[in-house]
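Student: So the sequences go chain by chain: E and L.
The letter at position 171 of the first sequence is residue 171 when you use UniProt numbering, and the numbering goes up by one with no holes.
The letter at position 141 of the second sequence is residue 141 when you use UniProt numbering, and the numbering goes up by one with no holes.
No wet-lab data here; the hints were simulated from the structure.
Misleading hints may appear alongside valid ones.
[Said to hold, decoys possible] Derived contacts from chain L toward chain E, CB cut-off under 10 angstroms, selection only: (1) Gln117; (2) Leu118; (3) Gly119; (4) Thr134; (5) Arg211; (6) Pro237; (7) Val244; (8) Tyr295.
These figures come from a predicted structure and were not determined experimentally.
Note that beta-carbon positions come from the ideal geometry of N, C-alpha and C, so glycine has one too.
Protein chains: 2
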Amino acid sequence: MNAAPETGYGQHVAIIGLGLIGGSIARGLRVAGGAASIVGCVATTEDAKRAVELGIVDEATTDLGKAVAGADLVVVAVPVGAMADVFADLARAMPAAAVITDVGSVKMAVITAAREQLGARIGRFVPGHPIAGTEHSGLEAGFGALYEDRRVILTPTPETDRDAFAAVEALWRALGARVTEMDAAHHDEVLAATSHLPHVLAFALVDTLARMAERTEIFEYAAGGFADFTRIASSDPALWSDIVSANRDAVLPVLDRYIGDLEALRGAIAGRDGAMLTSAFGRAKQARDRFASQYIQDQG
Amino acid sequence: MNAAPETGYGQHVAIIGLGLIGGSIARGLRVAGGAASIVGCVATTEDAKRAVELGIVDEATTDLGKAVAGADLVVVAVPVGAMADVFADLARAMPAAAVITDVGSVKMAVITAAREQLGARIGRFVPGHPIAGTEHSGLEAGFGALYEDRRVILTPTPETDRDAFAAVEALWRALGARVTEMDAAHHDEVLAATSHLPHVLAFALVDTLARMAERTEIFEYAAGGFADFTRIASSDPALWSDIVSANRDAVLPVLDRYIGDLEALRGAIAGRDGAMLTSAFGRAKQARDRFASQYIQDQG
Ligand SMILES: NC(=O)c1ccc[n+]([C@@H]2O[C@H](COP(=O)([O-])OP(=O)(O)OC[C@H]3O[C@@H](n4cnc5c(N)ncnc54)[C@H](OP(=O)(O)O)[C@@H]3O)[C@@H](O)[C@H]2O)c1
Ligand SMILES: NC(=O)c1ccc[n+]([C@@H]2O[C@H](COP(=O)([O-])OP(=O)(O)OC[C@H]3O[C@@H](n4cnc5c(N)ncnc54)[C@H](OP(=O)(O)O)[C@@H]3O)[C@@H](O)[C@H]2O)c1
């Protein structure tokens, strides 16, 4: 039995930005086979040429107006800080009925930018965030299976049209993702804790060690645990600077809480308070083991 | 061509503690095939029975004296904090010529304990630490290939006999490891940075999040980056409490340096200082990428 491809998201899809996230959407849509055309918008003519060569999209252009001219659905997959400018251009160039969604890792800042730039089209806008990624970025980094069995959080505004929401939901379903709805402010708090804070901590650790005199040797004697722990510190610096700045108000409280807890642990280490250390580490292990058994499919 | 198994470590090997580290040594020696007998010492008769059933050792006992009676080489693979007691028993029970080595993650504290307990036998003692492990522990956690292509750091004291050092080097070679020699205090500083600090940071993060009101939801929306970042927080709490306490004097300075750097980043986030964030994250990415390309064989 061959199920007909899911097409509730429209025939013509335009993707602004073909990096890890946008490029993976394009590749996944190809495989799913429901869209009549996929057009990509990128920054340079070289990337446009390369995107078509790689078979990611049917057409690629550096001209946003051209990219979205016939679009039913526009996916904005650029860094959060670049979205306001893209929205301003879209408000001028997009067909009136087209649905617009984004993939930004922060939702409140993107919604504010959308309200300011999209004007009367705000009802067509469905804010979204796929909970999937790797530490790689750029045109070559994407892959079609990135969203399979992953969660995508949609954070509609009070103005969001029902049919626009349904179209974006259909897009992610076609890519194999599981869609959840959430309040935007709450999304930003949850992601500050599980994603933005860990990135800051990993970047900070590697930077601290890299600036120590013995740095070469330090890395030479690091093992598998260190490799896993620091993987996310190989992520794109500009993208993550952008994310933590845009989500500052949610990142700071959880960062402060962490620094406070770390200082308490420091006290316990200084005082060789084994009972306190064992109980804090034990609570952590219990929570991590529960997380692993519930949410990680591919445990190594 | 079948190379004769490496046997420079002696015919009769006793391993005190058959957890992840000791059990992996036993399993690896079985495969290497150079020892005439491998005897394990464990805490309970159930574990002794199970260890023989699993085929990890030829014999297992809860009686340390029995375990080491005919040994050429004794490997102590218990938590760092338990080593002093084991050394005290060994000083009474071990044949005079037997070589003794340990696998503890901290070296200065173990050497101090060895000096206090081993007395005249201190020349037979070769402190060691395999840079290999997983977040699992116990009798079932070990595997014979754990040390293949891994580094083992030996930190001999001025008293260490040359032949004892050579025997322990031969043991690790037989298991496929690469042996390096290092000063014990320096070892403790390097490992504080690459292993002990990351464990503290990972335990602290998971504990911070687990104690937040929204904890269930937080973990539900965590992705692959979080799973990798927190893997080491599934390690044994008592073992790691023991390690950071034993290595307190090396852990505190690098932890303080880290907290200072994290507070500077906090200031940059609060001030939305994108340039500062991008440059710190960028230095980290550069160092992590270099580390990955030089030292990680099995990149995902
Ligand atoms: N990485 C993750 O794990 C992850 C996960 C979920 C969501 N997201 C979100 O997904 C979005 C894209 O991230 P990504 O990981 O796909 O990054 P990426 O691989 O670096 O791709 C970003 C894309 O945006 C373009 N771009 C960069 N700066 C721009 C600007 N100022 N104006 C217009 N276009 C610009 C890039 O073009 P050039 O290559 O020519 O610069 C590239 O096509 C971000 O909003 C991010 O928050 C990321
Ligand atoms: N885990 C790593 O990644 C790693 C890496 C390199 C070195 N090390 C070092 O290797 C050593 C062993 O660690 P492991 O990971 O193998 O831990 P493990 O799997 O928990 O094994 C520890 C072994 O020591 C025994 N033991 C525990 N407490 C004891 C005590 N008070 N007296 C005597 N025996 C005791 C345990 O017996 P029971 O099961 O009956 O308690 C078990 O056989 C530690 O010194 C550690 O620092 C660990």
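Student: Against each hint, give a clear statement of whether it holds in the structure.
Tutor: Hints, one by one, checked against the model:
The beta carbon of glutamine 117 of chain L comes no nearer than 20 angstroms to any beta carbon in chain E, farther than 10 angstroms, and the hint placing it at the interface is violated. The interface hint given for leucine 118 of chain L is violated, since its Cβ lies 24 angstroms from the closest Cβ of chain E, which is over the 10 angstroms cut-off. A hinted interface residue such as glycine 119 of chain L counts as satisfied when its beta carbon comes closer than 10 angstroms to some beta carbon of chain E; here the least separation is about 26 angstroms, so the hint is violated. For the restraint placing threonine 134 of chain L at the interface with chain E, the shortest Cβ-Cβ distance is roughly 7 angstroms, inside the 10 angstroms limit, so the hint holds.
Interface hint at arginine 211 of chain L: satisfied, since its Cβ lies 7 angstroms from the closest Cβ of chain E, which is below the 10 angstroms cut-off. This hint holds: proline 237 of chain L has a C-beta 4 angstroms from the nearest C-beta of chain E, less than the 10 angstroms allowed. Look at valine 244 of chain L: its Cβ gets to within about 5 angstroms of chain E, closer than 10 angstroms, so that hint holds up. Below 10 angstroms, beta-carbon pairs count as interface contacts, and tyrosine 295 of chain L has one with chain E at about 7 angstroms; its hint therefore holds.
Against the hints set out earlier in the document, violations occur for numbers 1, 2 and 3.
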